Amino acid sequence: MDTVIELKKATKSFPGVRALKGFDLNIYKNEILGLVGENGAGKSTLMKVLIGMYQLDEGEYLLRGQPAKMKSSNDAIKEGVGMVFQEGCMLLNMTITENLFLSNEQAFIKNGILNLSEMRNEAKTALAKVELNIDPQTPCSRLSPAQRQMVEIARLLWLSEHYGKDNPVMILDEPTTVLQQKEADTLFRILDDIKKHATIILISHRLEEVIENSDRIVVLKDGDYVTEMPADQASVEGIEELMVGRNLSGEHFRESEQREPETENFLEVRNLTIEGVFEPMSFSVKKGEILSLVGLIGSGKEELCQCLAGVRRPTGGEILINGKNVLIKSPKDSIRSRIGYIPIDRRKEGLATDFDVADNINMLILNSLKSKGFLSRFKEAANAKKWVKEALIKTPSIRTKCRNLSGGNQQKVVISKWLAAESQLLVLDHPTRGIDVGAKDEIYHRIRLLAQEGRCLIMMCDTLEEDIGLCNRMLIMKDGKLVKILNCPAAEKPEPLEILSAIV
Amino acid sequence: MGIYAGKLAENSYTDQGQLFKIKRFLADCSVTGQLLSLAIVIVIFAIGTGGTFLSLTNIQTIIGLAGIPMILCLGLHQIIILGAIDLSLEGIIAISAVIAGFVIKNPNTPYDLGMLVIPVTLVIGAIAGLLNGILNTKLKMPSFIATLGISWVMFGLAVFLSGGISTPLLDLRFQNFINGTTLGIPNVTYVAFVLFIVLNIIQKRTKLGKYTYAIGGDEILAAQAGINVTKTKIINFTIAGAIYGLAGLLLVARLNSSAARLGNNLLFPAMTAVAVGGVSMSGGVGGALNAVFGTIIVTALNNGMVLMHVSPYTQSAVNGIVLISAVALTIDRKKIGIIK
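As given, the protein sequences belong to chains G and B, one line each in that order. Once you know that position 289 of the first sequence is 289 in the working numbering, the rest is easy, because the numbers rise by one and skip nothing. Once you know that position 76 of the second sequence is 76 in the working numbering, the rest is easy, because the numbers rise by one and skip nothing.
Certain hints may be false.
Claimed, not checked - Computed cross-link-like contacts, BS3-like style, restricted to lysine-lysine with a CA-CA straight-line distance of at most 30 Å:
1) G:Lys129 to B:Lys207
2) B:Lys207 to G:Lys165
3) G:Lys372 to G:Lys348
4) G:Lys48 to B:Lys138
5) G:Lys71 to B:Lys231
6) G:Lys129 to G:Lys221
7) B:Lys204 to G:Lys124
8) B:Lys204 to G:Lys69
9) B:Lys105 to G:Lys78
10) G:Lys29 to G:Lys78
11) G:Lys379 to G:Lys394
12) B:Lys140 to G:Lys71
13) B:Lys138 to G:Lys71
14) B:Lys207 to G:Lys69
15) G:Lys348 to B:Lys140
Said to hold, decoys possible - From the derived model, a few chain B residues whose C-beta atoms are all more than 12 Å from chain G:
16) Val159
17) Tyr211
18) Gly217
19) Leu221
Think of the hints as simulated: they come from the structure by calculation, not from any bench. Just so we're clear, the structure is a prediction, and the values are computed from it rather than from any experiment. Ideal placement from N, C-alpha and C gives every residue a C-beta, glycine not left out.
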């Protein structure tokens, strides 16, 4: 088989993470390559390297035998490598024709004027290749998600032909999440046809689909290549095992500090629902308990947390704090109910990065720092110093702007802010994302201490292992439904594998 | 109905008759709402004025009155499609009017450029527009601030240069042209019409036009597709500036005298016309035809109110309400994260 892409010792690091750990990978002509791995396994980094959005730190990227010199996804398209993004990248205010040829209209220009009928005819031909029979003058806002995807595929095909690149490489990121089953079938039938003169890289968390539709499957794990196999020899269970495949011996998540929660409930949720997002669900959190929410993107777990934080309003159900019914309509209500929310993007949502450490820590409790009706600089400083000491925040002074702190220390400031406001329940949205290993351990330790003090924590973690390791109990969600509640006592943590099958 | 045969798409694809083409053209331009609004305005005032509103002279008046606002609106809507805003129109009119007053035959200066004044005012406006574009793209200033600043700079400069007084003109050719009619239609309307045709071609049939819509639709995606966003924006601001410069000259011609205050109070009607015409303030939607309809609706509305002796203060309030309602109807709220 001819190779089209060759990666040699591909290495890519980000601050605190080695996203690609130096592996070799060959991608062949006329194949559908299934790429699987957990969140954070390095799939998206790898794809962004292939389409030129990232450059390798070390190692070689050979495209059709030549070193690839792409600096952006636009360069990559001209070299015949393109990606259909999960969120889609189409200008909805423009027509199919306009989108197909955007920034490549040069071919249709005569005397500075676009030849519209020629563009339309070319668009018709391009759409026919993906069996799309619609008027190319249709505005893209009127297309269904499936049709949009097809237009993007048609665009990639047209561009590679236009730039004279044979065997284009097309990367499809979770193409079926927005499709009905029937539409997905059609998609794969067309892909199978396109394969005759192209290479397709399929990224999907639906393992059955990958096995059924690809020729070869590559498994990634923690930024490294695990193995590959022909798809006809693969099984869902086998791949799941390879995806998780780390033994959990040894202490990664300070399991010895895990305590049994108290008997009393702090939070109780009854039939909470957002119509069309997640179905009515009930659960409770005891004082001193760490609860993990596990599920894929789209399972509804994020939205559930947003309801608790007052960012989104549920359409039905009740939230009880200490047995009392509370109405959470806004973040303000949620703060009053002593619920703290630590968002995933602390730089954007969790912190005012242009404010200093003291301002951020004191943000929610300014009322208690007043003296004779005005804010007291002295009280502000005293409170900030107390928390800097308590949370071991490494900062030159309490007046240092938060943008100048490391990710780990920023996270500690966010947590301190909520603790200063005496939050009893903290919702932690990926608390360790983008934080290096040492600081992670400190955060784990802090989470354990918080639980020991009798606070409740609801978490969504970066990896399944982290969820299992940290939590007392696990709530598994799938497609907006609460599927399972699992106990995770320190002594007998469940296997990731059995959980994985419930999630996917 | 598979994915490849959405009902709507299927029907429209097989039907290629002449009537269909007109229907599709109207749908493409999305002016059906505007036609309806115009019809409502006409019916209300036709009844309210007992028919005077629909008399031939009044229709001629409306078309004549709409001329200069339409030119301004055509310039402004180009920037709104881009997803930006341009508040510099009054200042650019002021500077181009004052300079025009200097170079057309007049009692105060020794210059007389004759017809060459037309390219001169276009270039003055274009330079001011270019400054808008550079501030917006190179210095990364919000267009709202950049153009507001330029407006005041230009106005100040105009007052300084003119000494704050009006200059009467001795060359009557301009006034005769602008106040004259051809085939019963005011000449200024022809100028607006030519501009409409030119902009329509730019929008529909050139790269520049497509890129303008792409940037208005989603600037980040447009840049990712390889569009030179900075260049496209600067060119559009320059075009808009040149159009305001032209309007400055026409205003000078109409009064046969130049002054810095000629542009005063022209931004609001132009903005209202853009919104009423259906050009979305969030960018990427609408076109030259929308600008034309918007101006006609707004002009007809104001003319009707005058005929019905509505008090000027009430007229202001009505215009304000029209602007707010039009924006409320056309803005794409999904695109807006935080309102500043």
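So, going through the hints one by one against the coordinates:
Simply put, Lys129 of chain G and Lys207 of chain B have alpha-carbon atoms about 25 Å apart, close enough for the 30 Å limit, and the pair holds. With a C-alpha separation of about 24 Å, the suggested pairing of Lys207 of chain B with Lys165 of chain G holds against the 30 Å cut-off. Proximity of Lys372 of chain G to Lys348 of chain G is assessed by CA-CA distance (about 34 Å); at most 30 Å being required, the pair is judged violated. About 28 Å separates the Cα atoms of Lys48 of chain G and Lys138 of chain B, which keeps this hinted pair within 30 Å; it holds.
The hinted pair formed by Lys71 of chain G and Lys231 of chain B meets the criterion: a straight-line CA distance of about 20 Å does not exceed 30 Å. Restraint check for Lys129 of chain G and Lys221 of chain G: the C-alpha separation of about 36 Å exceeds 30 Å, so the hint is violated. Between the alpha carbons of Lys204 of chain B and Lys124 of chain G the distance comes to roughly 19 Å, so the proposed pair stays at or under 30 Å and holds. Distance hint between Lys204 of chain B and Lys69 of chain G is unfulfilled; the C-alpha atoms sit about 35 Å from each other, more than 30 Å.
Taking the CA atoms of Lys105 of chain B and Lys78 of chain G, the gap is about 57 Å. The hint is violated against a cut of 30 Å. With a C-alpha separation of about 18 Å, the suggested pair Lys29 of chain G and Lys78 of chain G falls inside the 30 Å cut-off, and the hint holds. With a C-alpha separation of about 21 Å, the suggested pair Lys379 of chain G and Lys394 of chain G falls inside the 30 Å cut-off, and the hint holds. Taking the CA atoms of Lys140 of chain B and Lys71 of chain G, the gap is about 24 Å. The hint holds against a cut of 30 Å.
Distance hint between Lys138 of chain B and Lys71 of chain G is fulfilled; the C-alpha atoms sit about 22 Å from each other, no more than 30 Å. Of the supplied pair hints, the one linking Lys207 of chain B and Lys69 of chain G holds, its CA atoms being roughly 27 Å apart against a limit of 30 Å. Pair hint Lys348 of chain G plus Lys140 of chain B holds up; C-alpha atoms about 21 Å apart against a cutoff of 30 Å. The beta carbon of Val159 of chain B is kept farther than 12 Å from every beta carbon of chain G, the shortest such distance being approximately 39 Å.
Tyr211 of chain B, annotated as away from the interface, has a beta carbon of chain G within 12 Å; the closest lies near 8 Å. With a closest Cβ-Cβ approach of about 4 Å to chain G, Gly217 of chain B is found to fall inside the 12 Å limit, against its non-interface label. Remark: the non-interface label on Leu221 of chain B conflicts with the geometry, its nearest Cβ contact in chain G lying 5 Å away (cut-off 12 Å).
Comparing the model with each earlier hint shows violations of hints 3, 6, 8, 9, 17, 18, 19; every other hint is respected.
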